[in-house]
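There are 2 protein chains.
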Amino acid sequence: MAPRWRRSAVTAGDGAPPARLPSLEVIGVVRSAYATREHTPVQSALNPSATGVLEVEARFSAALEGLEDFDYAWLLSWLGRPGDPPPDQVPLRQVPFLLRRTPRDIGVLATRGPRRINPIGLSLVRILEVTGSTVRFAGVDLVDGTPVVDIKPYVARFDQPDGPVACGWFDTVALDEGSTPASLDPTR
Amino acid sequence: MAPRWRRSAVTAGDGAPPARLPSLEVIGVVRSAYATREHTPVQSALNPSATGVLEVEARFSAALEGLEDFDYAWLLSWLGRPGDPPPDQVPLRQVPFLLRRTPRDIGVLATRGPRRINPIGLSLVRILEVTGSTVRFAGVDLVDGTPVVDIKPYVARFDQPDGPVACGWFDTVALDEGSTPASLDPTR
Numbered sequence: 001m002a003p004r005w006r007r008s009a010v011t012a013g014d015g016a017p018p019a020r021l022p023s024l025e026v027i028g029v030v031r032s033a034y035a036t037r038e039h040t041p042v043q044s045a046l047n048p049s050a051t052g053v054l055e056v057e058a059r060f061s062a063a064l065e066g067l068e069d070f071d072y073a074w075l076l077s078w079l080g081r082p083g084d085p086p087p088d089q090v091p092l093r094q095v096p097f098l099l100r101r102t103p104r105d106i107g108v109l110a111t112r113g114p115r116r117i118n119p120i121g122l123s124l125v126r127i128l129e130v131t132g133s134t135v136r137f138a139g140v141d142l143v144d145g146t147p148v149v150d151i152k153p154y155v156a157r158f159d160q161p162d163g164p165v166a167c168g169w170f171d172t173v174a175l176d177e178g179s180t181p182a183s184l185d186p187t188r
Numbered sequence: 001m002a003p004r005w006r007r008s009a010v011t012a013g014d015g016a017p018p019a020r021l022p023s024l025e026v027i028g029v030v031r032s033a034y035a036t037r038e039h040t041p042v043q044s045a046l047n048p049s050a051t052g053v054l055e056v057e058a059r060f061s062a063a064l065e066g067l068e069d070f071d072y073a074w075l076l077s078w079l080g081r082p083g084d085p086p087p088d089q090v091p092l093r094q095v096p097f098l099l100r101r102t103p104r105d106i107g108v109l110a111t112r113g114p115r116r117i118n119p120i121g122l123s124l125v126r127i128l129e130v131t132g133s134t135v136r137f138a139g140v141d142l143v144d145g146t147p148v149v150d151i152k153p154y155v156a157r158f159d160q161p162d163g164p165v166a167c168g169w170f171d172t173v174a175l176d177e178g179s180t181p182a183s184l185d186p187t188r
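The listed protein sequences correspond, in order, to chains A and B.
Sequential numbering of the first sequence, starting at 1, is according to my numbering.
Sequential numbering of the second sequence, starting at 1, is according to my numbering.
Take the hints with a grain of salt, since some may be wrong.
[Unchecked claim] Distance windows between CB atoms, simulated: (1) B:Asp-162 x A:Ala-166: 13 to 23 Å; (2) A:Asp-185 x B:Leu-175: 39 to 49 Å; (3) A:Thr-187 x B:Glu-38: 35 to 45 Å; (4) A:Asp-185 x B:Ala-174: 45 to 55 Å; (5) A:Glu-129 x B:Gly-132: 43 to 53 Å; (6) B:Val-95 x A:Arg-101: 42 to 52 Å; (7) A:Gly-178 x B:Thr-131: 34 to 44 Å; (8) B:Pro-22 x A:Thr-134: 24 to 34 Å; (9) A:Gly-178 x B:Pro-86: 34 to 44 Å; (10) B:Gln-89 x A:Arg-104: 45 to 55 Å.
Worth flagging that the hints you see were computed from the coordinates, not collected in a lab.
Glycine residues also receive a C-beta, built at the ideal position from the N, C-alpha and C atoms.
Turn these sequences into a full structure, and let the hints steer you where they fit.
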């Protein structure tokens, strides 16, 4: 039987947090047809036929071995920009792009938006081809030049809950293919 | 029609990578019943009935508003340890825990293991309760004390590919509930 969590057992194990986390390594860069966030589709699933290329640093190309046998992968990217507020000044409640027409504040950790405390993006992409240090993929929600910090193979057994699941405020909005922040902006 | 990627269009847009990424903010810490990585189940989906608690920093609690309406969420965690090799010295080919009995080297970006170039963990957890700055969840693959760097709501429309998908070497191994690095080690 799986051990149960006990409130008394909170002494940190070997996962005790370091005082400060090291900074991330850029392992590659995405090349896409999109030059600005406002005109980039908000989710790869809403832009499944567009293709992009991940150019991994040549020194890391051996780390891709085996990835070609997967249909899908997660790209973890860095969505931060020069001029972004520091983590402790990011607005904690925001109107997500998808609610721009019916504005409502949502806690940023209950959104998928890019203006996060740690601006890490999570994109599910379909792998088309892995050649050397290059990954061609379908499903693009990243601006050209976006740094990638990790790639993980999609594993259905791990990444797919059983049955239908409640998805909060997303269940109340239209999730139209091709939606971009600009197309969702009622003032434009 | 979605614009297509063109090799000539590689001038970086507003997603141009900064020279060096800022370090991550710890937004909270996981409390679990597991004290060491060797004895922690390797995936939350393989340990669905165990429960854990995410203690978010009180200053970020407003960012959780709305999360309680989701059945599942992604926890992005920091799996690095003092003494880990720097990013450019992480072994690029590794025997994953799940292949310990039938050892085979896999590119680390085609694994879900913790010894990554950027040791970010991605755990799909079932949300049980959100109270103030505390998230109680089911499905535990994190050592007690693991820092969390992001939380994202699970959105089926974004996170679930259509139909059955190929999952590379994972399709060739048993994915037994409760598997830990120790239980998968043939020398023990």
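* Of the hints given before, which are not true for this structure? -> The structure breaks only hint 3.
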